[in-house]
Every structure is written in C-alpha cells, then in structure tokens.
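Which chain is which? The protein sequence lines are A and B, in order. Residue 1 is where the first sequence starts when you use the numbering used here, and the numbers rise one by one after that. Residue 1001 is where the second sequence starts when you use the numbering used here, and the numbers rise one by one after that.
Note that these hints are calculated values from the structure, not bench results. Given the structure is predicted, the values throughout are model-derived calculations rather than measurements. One should not assume that every hint holds.
Straight-line C-alpha distance at most 30 Å; calculated DSSO-like pairs for lysine-lysine [stated by the list, open to error]:
#	chain 1	residue 1	chain 2	residue 2
1	B	K1138	B	K1242
2	A	K138	A	K422
3	B	K1300	A	K306
4	B	K1300	A	K333
5	A	K242	B	K1327
6	A	K88	A	K410
7	A	K231	B	K1300
8	A	K300	B	K1433
9	B	K1011	B	K1433
10	B	K1433	B	K1355
11	A	K11	A	K306
12	B	K1146	B	K1433
13	B	K1355	B	K1372
14	A	K3	A	K69
15	B	K1306	A	K242
16	A	K52	A	K306
17	B	K1146	B	K1442
18	B	K1300	A	K242
19	B	K1003	B	K1409
20	A	K327	B	K1242
21	A	K11	A	K231
22	A	K23	A	K410
23	A	K333	B	K1231
24	B	K1023	B	K1409
25	B	K1003	B	K1442
26	A	K422	A	K242
27	A	K306	B	K1023
28	A	K342	B	K1409
29	B	K1242	A	K306
30	B	K1306	A	K300
31	B	K1231	A	K300
32	A	K242	B	K1333
33	B	K1242	A	K300
34	A	K372	B	K1306
35	A	K23	A	K355
36	A	K231	B	K1410
37	B	K1372	B	K1342
Computed footprint of chain B on chain A, listed as stretches where at least three residues anywhere in the stretch have a Cβ under 8 Å from a Cβ of chain B [said to hold, decoys possible]:
#	segment
38	191-202
39	268-278
In this text, a Cβ means the ideal position worked out from N, Cα and C, and glycines have one as well.
Given next are the chains, with one letter for each unit.
2 protein chains.
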Amino acid sequence: MRKILIIGAGKSSSYLIKYLIDKSASENLEMTIGDVNLDNARALIGSNSQVKVIHLDIFNAESRSTAIKNTDIVVSMLPARFHIEAAKDCIAYKKHMVTASYVSDEMQALDEEATSNGLVFMNEIGVDPGIDHMSAMKVIDSIRDKGGKMILFESFTGGLVAPESDTNLWNYKFTWNPRNVVVAGQGGAAKFLQENQFKYIPYHRLFRRTEFLEVEGYGRFEAYANRDSLKYQHVYGLDQIKTLYRGTMRRVGFSRAWNVFVQLGMTDDSYTIDDSANMSYRDFVNAFLPYSPTDSVELKFRHALKIDQDDIVWDKFLELDIFNPTKMVALNKATPAQILQKILMDSWTLSDNDKDMIVMYHKFGYELNGQKHQIDSTMVALGEDQTYTAMSKTVGLPVAIATLAILNKKITTPGVQIPISKEVYTPILQELKSNGITFNEKEVPYLGYNPLNV
Amino acid sequence: MRKILIIGAGKSSSYLIKYLIDKSASENLEMTIGDVNLDNARALIGSNSQVKVIHLDIFNAESRSTAIKNTDIVVSMLPARFHIEAAKDCIAYKKHMVTASYVSDEMQALDEEATSNGLVFMNEIGVDPGIDHMSAMKVIDSIRDKGGKMILFESFTGGLVAPESDTNLWNYKFTWNPRNVVVAGQGGAAKFLQENQFKYIPYHRLFRRTEFLEVEGYGRFEAYANRDSLKYQHVYGLDQIKTLYRGTMRRVGFSRAWNVFVQLGMTDDSYTIDDSANMSYRDFVNAFLPYSPTDSVELKFRHALKIDQDDIVWDKFLELDIFNPTKMVALNKATPAQILQKILMDSWTLSDNDKDMIVMYHKFGYELNGQKHQIDSTMVALGEDQTYTAMSKTVGLPVAIATLAILNKKITTPGVQIPISKEVYTPILQELKSNGITFNEKEVPYLGYNPLNV
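Only chain A is shown next, with the shape it has when bound in the complex (with noise of 0.2 Å):
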C-alpha cells in the first residue's frame, strides 16, 4: 500500500479525493484527509470506508509531524500561506509534496533540501497556475522541437459561469473567492511586451484595454493583462520573445462595465469609510460622486461616466441593485472594495443549480523557415454541479495525477518545482484528457502584431 495524506478539504479538493478513491483499488493506495473541519472531509468521501478522516490543524506541530511521518506523499489543498509548515516537515521526515499554489520564496528556499533527499515539492499544478503551464509548454518544446523560434505567447484563463447558467447581464458569477476579483489588478501597473517593447497598463486603465477572443463553440470572451505577464518568460525560455501577454477572460462588455467600479473608486481596498455600518447601497454609491441637494443619485452616476440612457451597461448597474435607498451595508467600518464585494454577492453568487466553467485560450506564434505561423490552443471545462466544479475538476484532477505518477515513479526529477518539464506534463496532460480536459490546437494564420513586417 502507498500511502496519500491530504491536508485540506475544502472546495477545490472534491475532484481530487474522488480521482485518487477511484484509482485507490488498482493503485493501492490508503489515503488519509486531515482538516479542522471533519465533516468537510467527510462530505468529500461519502460512504467509503478505506479513507481515513483525520483531525489535522496545521499549526499543532504534533499532529502534523506524525500525519506527515505515517505517509509517502503529502497534498497540500491549504491557503498557499500555510504550505510552509507542510514542507517542513516533508524535508524532515522525507515525504515527496504537491501543491496547486504559487511557489512562494519560503517554499523555493527549500529546493537545495529537497533536491539532496530526492525528493519532488511539484507545486502550481493546478489550473492557473498549472494546466496552463503544462498546455502551453507542450506547443512551446513541440514548436522548438521542429526547429521554429517562438515570436509571440500570449495566454488567458476565465473563471466564469457555464452558458446554461449565464443568467445575469454581466455574464458573470463568482464561482471562486469573490475578493479577488474585485481587487483584481490592483497593486501596480500591468506590463507586457509587445514586439519588443514594454507597454505598461494602469489599474484604472486595465479595463479598457481589453482584446477579443473566440472560443469554439462558445462564442466570444474578453480579456483583460494580468500585472506581470513576464513572470515565466524566463522559465518557459522565451528570453528572445517579442511579445508576452497573459490576461484575465470574461464575457465580452464585463470590463466595460466593471471600469465604471474602478472609476468611481470603489474597488479601493486601502482605507475604510467610517459610517460604513449605517450606509445605504445608494449612500455608498453616492459617496464617490459630487453632492447636489437636487440631482439624483443615478443622474450624477450617469453624468460622472457619461453613460447614455440607452447603453446597455446602464441596465448593468440597475440589475446589481446599487441604488436601493433601504439595502443596507452594515459591515463596521469597510473598504469600499469589502462593501461592493458584499453588494456583488447578492447577485453574482451560484444558485444550487449553476454550474461553472474554466475557460482557456493561448496563442503561439513562431518563425520556421522564414514564415511566420500560429497556433491557438483552447480548453473548456464545465462543472457537473456545485460540489464537482469545472474549478475544483481543474485544479484538483492535475493534482491527483501528479501525486500518482510521483508514487509510481514516472516523475522523478527533485527538487521544488513547477510543471513545465515534458517529463511532467506528458503523463499529466495525456491523463486530463481521458478524463475530459482536452486541448483543442490548430494552426491558424499568423494574426500578431505586424504581421506584414511594416
């Protein structure tokens, strides 16, 4: 038997205890999920008996040593803050480790350990970080392989609602944790290359510099940069690249609309309204627009984002509900982004019956014998229901599989690491594929910049 320990069973980890349980028969594996929340766990494993539920608080150094110390391998499903404590103890005690976070300096710290003792810490194997990495390299090695040199990469993920259950004017749900995206962007100008020169993008400008794609079968999305779009470029070997953009996808007139928030200020998480408790949806609105004893609320909205009566995005912002003069705020001195958030969520959060969906789109374009060509590589996962989401389907299956194929010793190399080598993510993607996640590539004509090399 080879032994799985889980730590964390929250929403993204259904998928992956259900992969591993299905495989744990022919795989023999005796996993164990340790939560501070037993029931959490318990939901995720129905009425299998063979999965140990264990009590297991990350910071109580005792219960973790001896969860840790009784296993082979360790999954952390935690907040990415909390890994470290995990990893530790995995150098100690010699245990292989995967995670779906980004690899923060504490965890990159222990990559010397980790290498000497053989032992693989894979982390970003999830969906964005993680499939993304593994998609695009997969193109990049194989566009190298035939001897083309990369131009251009430019890639993009959405967190968004199924088409069956797009039912609001946003076309937008939060199917992930609704905090993010409204602070999304914030904290610094975007930057990104656009043949070979730096372009910069700031916060209150992201949203109206966004570019379209069409998804097969799904029609057309948006997207907007993300703040560093160069953060691989050296790991993925793209030092000579001459444009690099990753970005956020939404529904086509998201970003339009949502623009009008960060105008108005009221993504602002850096200081907090004193009065806020008291606060009307429509005294919070008004809050950032000039007082008048006599204009309303709405005409000063409309007048201060010169939106027409007749502009769809209008409709937008009556649909959320934001005028109301008896909705109250009442959160105790909040940020405006914390009280749009809570205003948001009445209207953006799933019903029982919505379902989600990950989105994903990446362009290559390469030079081969003196042309230029392009491929563009789509991925979309829809959810089965509010437990087995696209989110936690995309996430959690990478995961599972990483974890297998390191116990079966297909994935040998140590060392901290992400998943861009073709001895990670061949096994990977050739698995997320019999389980549905599929790459849709195809060569397309070469529509980058400059095309015509004027």
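Position chain B against the provided structure of chain A, taking the given hints into account.
Chain B only, in chain A's frame:
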C-alpha cells in the same frame, strides 16, 4: 542683545533673514546662521558683518548643541525630517523653537516637556501650513464671536507663476519642489465633507473634479481636492461643520491636461522602467500606448485620451515636446514619475527674470440669526526675483515675525503648537499686513451647497 540661531539657509530663508537683519538694530538682535554650505548663508546676508555665519551639520551633536546652547531661540529651516535633532537640544538647553513644517509625531511627543519648561515650540508657521491657519482662524473666531455658526469652510492655496511670467500654455512653472507636483494627490483617495456627507475621489479622478475660483484682479483659477481635507477639522473647532474642503489652486485648464498624464500612468512612482536610460521622450510616451506597426504615437495618444485635434489640450502636450524621438530620458531605471519630472523641467523651470506668485482663497459659510452668510477671503503675494520669491516671503516672514514675537513675549503660551490662537495670529497677521501680505475679506451671498435648503 537677544540671540537668534537660524539653521538652514536654503531657498525659503531669504526673507526671513532680511526681515530679521532689518530689525536687528531696533530689536537688539544678534543673529547666527548655521548651514553645511557657508556660501548659501553668506549670499543671503550680503555685506552685513554683524550676522555670524557658522558651519553647522545638524547630525554633528557637538556643533549643534554648542550653537543651540548659545542662543535664545532656534529657527529651523531645514527639511522637516531634520527638525527633531534640534528640537531635542532645545528641550535640553531650554530654548524656544520655530519651524514652518508640519508637526511630526516625534515633534508632538515633545509637547509635555516643552510645556513644563515654558518653551514655545511653534510649527506650521509658513504659508501652507501657516498663513492659511492664521487667516482662516481669524475669520472663524470673528464669526463665532458674533454668535455665528460655521457650516462651510473651504480653503485653497496655489504656488504659481506671477501673471507677467505666465508664458506657457499650462500657465504653470515649478516654483517649488517639482517632485511634489508630479506625485501630488497620490497615496489614497481624497476625502472631504459636503453637506454632512463624506465624499471620496480616487486619484485617477482627482483632476476631473475641480472647481473654479475668481480672485479680484487675477482672474479665474481652479482647484482640486487635497488628500485629507479633514486634517484640521478638530483643531479648528469645526467638528459640527457640514462642508469641509481643502484644495490646491492652478490656472484653469491645468488639471484637465494633467489628467492625461495621470490616465496614461505617467505619474506612477511605484515601479521603475528597466530600459529608461536609453528611451527617448517619444519611447516613454509610447510605453503607455498599445503597440502598432504603423499608427503614430501622436494618434494613439489622441485616440486613447479622446483628444480632438483642435482641442487646446493637445497644444499643451506639443509644447512640452513629449513626442520628440531624439531627446533622451537618460535616467537609469527611473520611475515614470521621475521621467515625467525631467521632461517637465525642460519646459517649466523658472527663467532668471521669472517671478512666482502665491494665491490663497478661503470660503467661510455660516448661519447667524437663521440666515446663511458667506465671507470670502483672498490673498495674492508676488515674488520680486528668484531670491526674494513669493514663496520665501510667505514662508519666511511669518516665521521671522513669530520668532520676534516670542522673544518679545507677545507669544507666551508654551508647548508644541500651530498658529491657531488669537494670541499668535493677531500680532503676526498685523505685521504681515504692514509687509504687504494682506487678505481681502468680503461678505458675499451664501453660495455653498444647498443654499435654498431643498
């Protein structure tokens, strides 16, 4: 003989020193000027042989304490962060102290010791802060004395060029630290009170929410909100006020054009541009615009900001020569704000014969016997040349007058303070008046918000 030690003989010390030299015979003053640069000090005293000039490095404890021991009062004209060294010695050797700077937390912490030793530590007694405090409190106190109730206070100050030197399309030149102008308004939303409602303006909207102000004989100005209009609410005794707004004055049209820099992200001081050393002005502008193989930077700029070709705003940017492809930034790893500052200094640096101007505008709204009233108070100070500037006059004269008033025991209340009491502002405003700094106060119809009580 009464001894005065002035530490710092920089730009703003010219009038201060001149005023005290002129009074030295009649007032029996013995002046010492300490600076790390003796030439600075000597230039300001001219042929006067009775003023001592000494080398004084504020961080050299021995020379500092020797100089402070041997004086009756210390005037620190150093940058604000350096006052505290002198202030601690003033406590130790029981000397009064005067500065034109904001009261720092460290300075405030000396209040108890200053008070118990009978020492006057007068701060914020320059122009803004300083003359604004005094001229405002005089009117506020007179309104209270006649039984009026303050309902509105708005206060605006601007450092500009004198009309005769106002020779560019922006009607602006740098008369003080250019960096402060470039980053003005950054760091958080502007907050103020309008008719009992808190209002917030995010930085990227600040320069589009201006209001106009007419100053008799000087025409029209505009003002944008300061970050914290509520800073002095309590100390001015305005806890119950309905409208409280502080702002910065510019000539009309400046803010609309400046907003273009804000929108593009050119005022951002939070990140550096790697290749700034080798950028032309044109490259810098282009970094904030989308890539195009064919479209000009000019057209992309006008399109992004929706600037018509016959809009005067466009000529303002041409005047700055920001599209020049041969003028180089030549700053190593500079922030956008640093680069913009360099570009602006090409155009906005004062010429030898240029004169500056300080403008101040207060509005006081009050209720008396059930009626609403308003008093507007304005002040304009003009510079004489590049040494005797309006800035150094409005900063240095109140400092000098306060210093004498403390020596002459007209100001006696001890402690760390700002000039808001009658004891302080009455003699100083009177003496400022005889030196040409006068406020034009007049009753006007109440033009505050909601005059008709709708």
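Given hint K1242(B) paired with K1138(B) - CA-CA distance at most 30 Å: Cα-Cα ~20 Å, so holds.
Pair hint K372(A) and K1306(B), alpha-carbon separation not exceeding 30 Å: Cα-Cα ~34 Å, so violated.
Per-stretch coverage check for the segment 268-278 of chain A, three Cβ contacts closer than 8 Å to chain B: holds (count 6)
Pair hint outcome, K1146(B) versus K1442(B) [Cα-Cα no greater than 30 Å]: 16 Å, holds
Pairwise hint evaluation, K300(A) against K1231(B), where the allowed Cα distance is 30 Å at most: 27 Å, holds
Proposed proximity, K1409(B) with K1003(B) (alpha carbon, max 30 Å): 14 Å, holds
Holds or violated: K1300(B) to K242(A), with C-alpha atoms at most 30 Å apart: Cα-Cα ~21 Å, so holds.
Pairwise hint evaluation, K1231(B) against K333(A), where the allowed Cα distance is 30 Å at most: 19 Å, holds
Pair hint outcome, K1300(B) versus K333(A) [Cα-Cα no greater than 30 Å]: Answer violated: K1300(B) to K333(A) is near 42 Å, above 30 Å.
K306(A) paired with K1023(B) [C-alpha distance capped at 30 Å]: Not satisfied, since the Cα-Cα distance of roughly 60 Å exceeds 30 Å.
Hint consistency between K11(A) and K306(A) [alpha-carbon to alpha-carbon, up to 30 Å]: This hinted pair is violated, its Cα atoms lying about 41 Å apart.
Restraint status (C-alpha distance of K1242(B) to K300(A) at most 30 Å): 21 Å, holds
Violated hints, in rising order: 4, 8, 11, 13, 16, 25, 27, 28, 34, 36 and 37; the structure is consistent with all others.
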